[in-house]
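These protein sequence lines are chains A and B, in that order.
Its first residue numbered 0, the first sequence is counted upward by one per residue in numbering that gives the first Met the number 0.
Its first residue numbered 0, the second sequence is counted upward by one per residue in numbering that gives the first Met the number 0.
Mixed in with the good hints there might be a few duds.
[To be verified] Residues from chain A that face chain B, not an exhaustive set, calculated with beta carbons under 10 Å: (1) H173; (2) E174; (3) V364; (4) P368.
[Stated by the list, open to error] Just a sample of chain A residues kept apart from chain B, beta carbon distances all over 10 Å, derived: (5) Q30; (6) A108; (7) E139; (8) F159; (9) T282; (10) G331.
Just so you know, these hints were derived from the structure itself, not from any lab.
For each residue, glycine too, the CB sits at the ideal point set by N, CA and C.
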Amino acid sequence: MTQPSQPARSADVVVIGGGIHGSSAALYLAQRGLSVIVLEKDSVGRHASGVNAGGVRRLGRHLAEVPIAVRSRRIWATVADFLGDDCGFEVAPQMRLARSEEHLVAMRARVAEMQALGYHHEVMIGTNQIREYIHSLSDEVVGAVACLDDGFAQPYQTTFAIHRKARALGARFHEGVRALGLTREAGGDWRVATAEGDFTAPRVLLAGGLWSGEISATLGEPVPIIPFAPMMLVTTRLPPFCNAVVGAAGVPLSFKQMPNGTVVIGGGRPGRPDAATNRAETTFHPLRLSAQTCISLFPIMAEASVVRTWAGLEAEMPDQIPVVGPSLRHEGLYYAFGFSGHGFQLGLGMGEIMAELIATGATDVDLAPFSIGRFTGGAPAY
Amino acid sequence: MVREVDVAVIGAGPAGLAAAVEAAAAGLSVTVLDEQPAPGGQVYRAIERADSGRLAILGQDYAEGRELVAAFRASRAEYLPAATVWNIGTDRLIDYSQGGEIACLRATAIVAATGALERPCPVPGWTLPGVTTAGGLQILLKGAGVVEDDLVLAGAGPLLWLIASQLVAAGAPPRAVVETLPRGRQAAALARLPGALRAAGYLRKGVALMNAVRRAGVAVHTHAEGLEIEGETRVTGLRFRAEGGEHRLHCTAVGLHQGVIPNPQVTRLLRCEHVWDASQHAFRPVLDDDFQTTFPGLYVAGDAGGIGGARAAALQGRLVGMHLAARAGRKVAGKPAALRTALARDLAIRPFLEALYAPDPAILNPADSTIVCRCEEVTAGRVRAAVKLGAPGANQVKSLVRTGMGPCQGRVCGVAVSAIIATARGAPPDTADYYRIRPPLKPLALTELAAYPMIAPDLEIREP
Chain A
0 MTQPSQPARS ADVVVIGGGI HGSSAALYLA QRGLSVIVLE KDSVGRHASG VNAGGVRRLG
60 RHLAEVPIAV RSRRIWATVA DFLGDDCGFE VAPQMRLARS EEHLVAMRAR VAEMQALGYH
120 HEVMIGTNQI REYIHSLSDE VVGAVACLDD GFAQPYQTTF AIHRKARALG ARFHEGVRAL
180 GLTREAGGDW RVATAEGDFT APRVLLAGGL WSGEISATLG EPVPIIPFAP MMLVTTRLPP
240 FCNAVVGAAG VPLSFKQMPN GTVVIGGGRP GRPDAATNRA ETTFHPLRLS AQTCISLFPI
300 MAEASVVRTW AGLEAEMPDQ IPVVGPSLRH EGLYYAFGFS GHGFQLGLGM GEIMAELIAT
360 GATDVDLAPF SIGRFTGGAP AY
Chain B
0 MVREVDVAVI GAGPAGLAAA VEAAAAGLSV TVLDEQPAPG GQVYRAIERA DSGRLAILGQ
60 DYAEGRELVA AFRASRAEYL PAATVWNIGT DRLIDYSQGG EIACLRATAI VAATGALERP
120 CPVPGWTLPG VTTAGGLQIL LKGAGVVEDD LVLAGAGPLL WLIASQLVAA GAPPRAVVET
180 LPRGRQAAAL ARLPGALRAA GYLRKGVALM NAVRRAGVAV HTHAEGLEIE GETRVTGLRF
240 RAEGGEHRLH CTAVGLHQGV IPNPQVTRLL RCEHVWDASQ HAFRPVLDDD FQTTFPGLYV
300 AGDAGGIGGA RAAALQGRLV GMHLAARAGR KVAGKPAALR TALARDLAIR PFLEALYAPD
360 PAILNPADST IVCRCEEVTA GRVRAAVKLG APGANQVKSL VRTGMGPCQG RVCGVAVSAI
420 IATARGAPPD TADYYRIRPP LKPLALTELA AYPMIAPDLE IREP
């Protein structure tokens with residue numbers, strides 16, 4: 000499909016956004032032999048993709064996301080060979096702690112629902128098993144739902160490795176180049192305007208994270224993206240006491256001890272997002288609650304000090320699942336954004352699916368729940 | 000619910016004290032927050048406690064600080080000693096810790112008078128116990144009157160000679176001074192000498208310091224190259240080439256120094272615009288004529304805005320204090336124009352010093368095996384490998400190899416890592432970027448954070 004004479008500013012596909020989803024789609028598109036241009040307004044992995052908690056989590060996924068998360072996990076299993084970079088990926092349990100019978104009841108119901116659908120990766124575990132993974136644990140904890148072979152990875156390292164692989168396969172990345180607008184030419188090609196001139200392609204994938212909404216709106220498909228700046232903090236090194244990625248029912252928490260002993264704490268306490276200035280500012284008043292949660296659940300944390308905090312700029316959708324799939328108004332336009340703070344694990348699988356969809360016009364994964372039509376109303380208009 | 004003041008001054012060195020005195024004299028509400036237990040900053044550290052013996056050792060320039068500190072004590076400025084400012088929000092909310100507790104303060108204007116940092120000296124062995132910096136030695140000397148036995152001072156810069164002469168005066172001369180100034184530097188600096196004559200007092204003093212050290216019989220090696228600190232678990236010696244031969248000095252302590260650079264933590268935290276100062280070989284924040292940064296309401300006085308020394312810092316502090324008073328519609332007693340003239344005269348020595356004491360090229364481009372980030376023990380080679388992989392700048396390198404991710408928040412390695420990246424990319428240093436600095440500026444106990452004051456109602460949080 001790639002024509003050798005194709006000018007530098009044209010390709011089979013222009014991808015808007017050099018985060019994990021844009022880079023991954025570019026990789027799989029290039030692997031299918033399509034020519035790809037990626038336009039990234041900052042640098043690859045600059046925002047949510049590079050600074051998230053790095054959870055490789057199937058646990059607790061929205062049912063519509065489960066097949067994608069499962070597919071992604073299969074790719075994660077071979078990520079070091081596939082990308083030539085281990086991405087800091089470590090297999091470890093992801094678990095969600097229960098502190099009451101009520102929590103346990105809800106967790107059991109979830110596991111039963113998953114089993115009924117044929118998914119067996121989520122299991123209930125008792126406190127003895129939890130303590131095998133977490134050596135400093137509050138007595139409040141009465142059990143957990145867990146996915147024992149989930150894990151975590153280094154988000155920037157991963158996104159950067161995906162981008163390198165995509166480039167090695169021929170994808171052309173233009174960093175510091177912002178897509179300003181999208182128009183359709185008479186001949187059918189999309190024209191993406193940038194300060195560095197126009198780029199053209201018959202197909203466009205919009206994977207611009209928080210900044211996607213302004214573009215989709217100009218194309219008649221507005222979506223209610225909520226800018227969201229989940230805060231993270233990292234502590235001084237502690238002796239090894241935890242080899243699981245831990246959340247908890249009833250409280251925002253994502254907690255893990257890294258191989259170097261530092262503890263990374265996130266979970267969604269919101270900082271101050273500012274999409275216009277690309278800035279996500281941490282504010283400490285809400286972070287005090289994360290500190291309280293950690294100290295109460297993991298007593299050893301009373302010895303830790305916070306070394307650094309940060310926040311990423313995420314696109315949150317009102318229903319917590321992304322916008323993925325073809326535009327309902329324009330042929331040759333595809334969406335993959337709004338991952339609502341949990342898109343990292345999905346990146347590899349999603350890219351493969353998007354490439355399949357864009358290259359062949361179809362995919363066997365059910366993307367209907369993610370359709371932009373749930374916000375814009377209506378069925379395909381072309 | 001948050002206390003508000005007209006002016007918050009961060010740092011109680013000469014710049015901060017002078018700014019506070021002027022602003023308070025004009026009737027503004029001023030709060031000075033400082034990490035030290037007593038005013039004076041690094042340069043006038045512990046000056047109120049210094050007896051005549053200590054003053055004799057530390058010299059006349061140090062004694063000059065007494066007047067400024069006394070004026071500050073007599074002013075109406077509020078003083079918060081032992082207070083560590085660890086975050087400033089874009090809403091000008093200042094988070095600080097004092098006595099193990101967090102408090103907050105909001106200020107209409109913030110003066111960052113956070114001074115200088117010593118330039119990192121990544122030479123082989125610089126992370127060994129027993130290696131300190133000239134500035135670190137001065138802190139010991141001023142604070143506790145403590146000196147290191149069996150010490151070799153190595154590097155270049157006025158502070159190296161100052162500490163050497165102070166150690167001589169204290170009766171504990173260093174074993175040797177190993178000066179790394181490359182050949183030809185004096186000649187290069189000579190072109191800037193005529194201008195420097197406007198501040199001839201500094202020149203005379205510098206010559207006197209060097210003479211005092213040599214007269215005391217301290218071995219002085221000049222044009223030294225290839226510094227390597229030896230030792231397995233701590234310093235046992237220093238190796239270098241000089242005078243046409245290899246040298247090896249046995250010692251148990253090494254004081255390194257390659258000059259000072261503006262402390263960038265506060266201005267980087269607030270994303271102020273910075274420029275590369277080719278003469279100072281460092282980034283400094285862009286300041287307008289009133290010393291205001293590109294973040295409205297944030298001012299910088301003293302070395303944090305560009306290295307000028309203690310006297311210039313105090314003059315800048317006074318100017319900032321007067322400007323803030325005038326801006327608030329207060330009557331200003333002093334004469335800014337006269338201060339600006341004095342400031343220009345005082346700074347006249349800088350181009351000469353900067354040409355003479357430009358950093359040793361060797362420390363700007365350390366060997367692959369030399370550690371540059373002490374906290375995370377990352378070598379220069381790993382930084383270069385990340386660049387080779389395609390990492391475009393300091394923040395991507397940080398994400399990949401953890402430079403600057405340790406407890407010091409990149410304070411020590413920042414300028415070294417930026418320089419290595421620029422060189423590895425074949426780009427001039429002024430195009431290099433720098434770490435995005437994240438709060439807290441200093442490590443903060445999680446228990447302390449858990450007790451952060453209730454300054455606002457909590458937001459409803461959805462369950463993840």
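Now for the hints, and whether the structure bears them out:
1. H173: 13 Å, violated
2. E174: With Cβ-Cβ at 7 Å, under 10 Å, it holds.
3. V364: 24 Å, violated
4. P368: Violated: closest Cβ of chain B sits about 19 Å from A:P368, beyond 10 Å.
5. Q30: The claim holds: A:Q30 sits with its nearest Cβ about 19 Å from chain B, beyond 10 Å.
6. A108: 15 Å, holds
7. E139: 16 Å, holds
8. F159: 7 Å, violated
9. T282: For A:T282, whose nearest Cβ neighbour in chain B is about 7 Å away, the distance does not exceed 10 Å, so it is violated.
10. G331: 31 Å, holds
Violation of the numbered hints given earlier is confined to hints 1, 3, 4, 8, 9; the remaining hints are satisfied by the structure.
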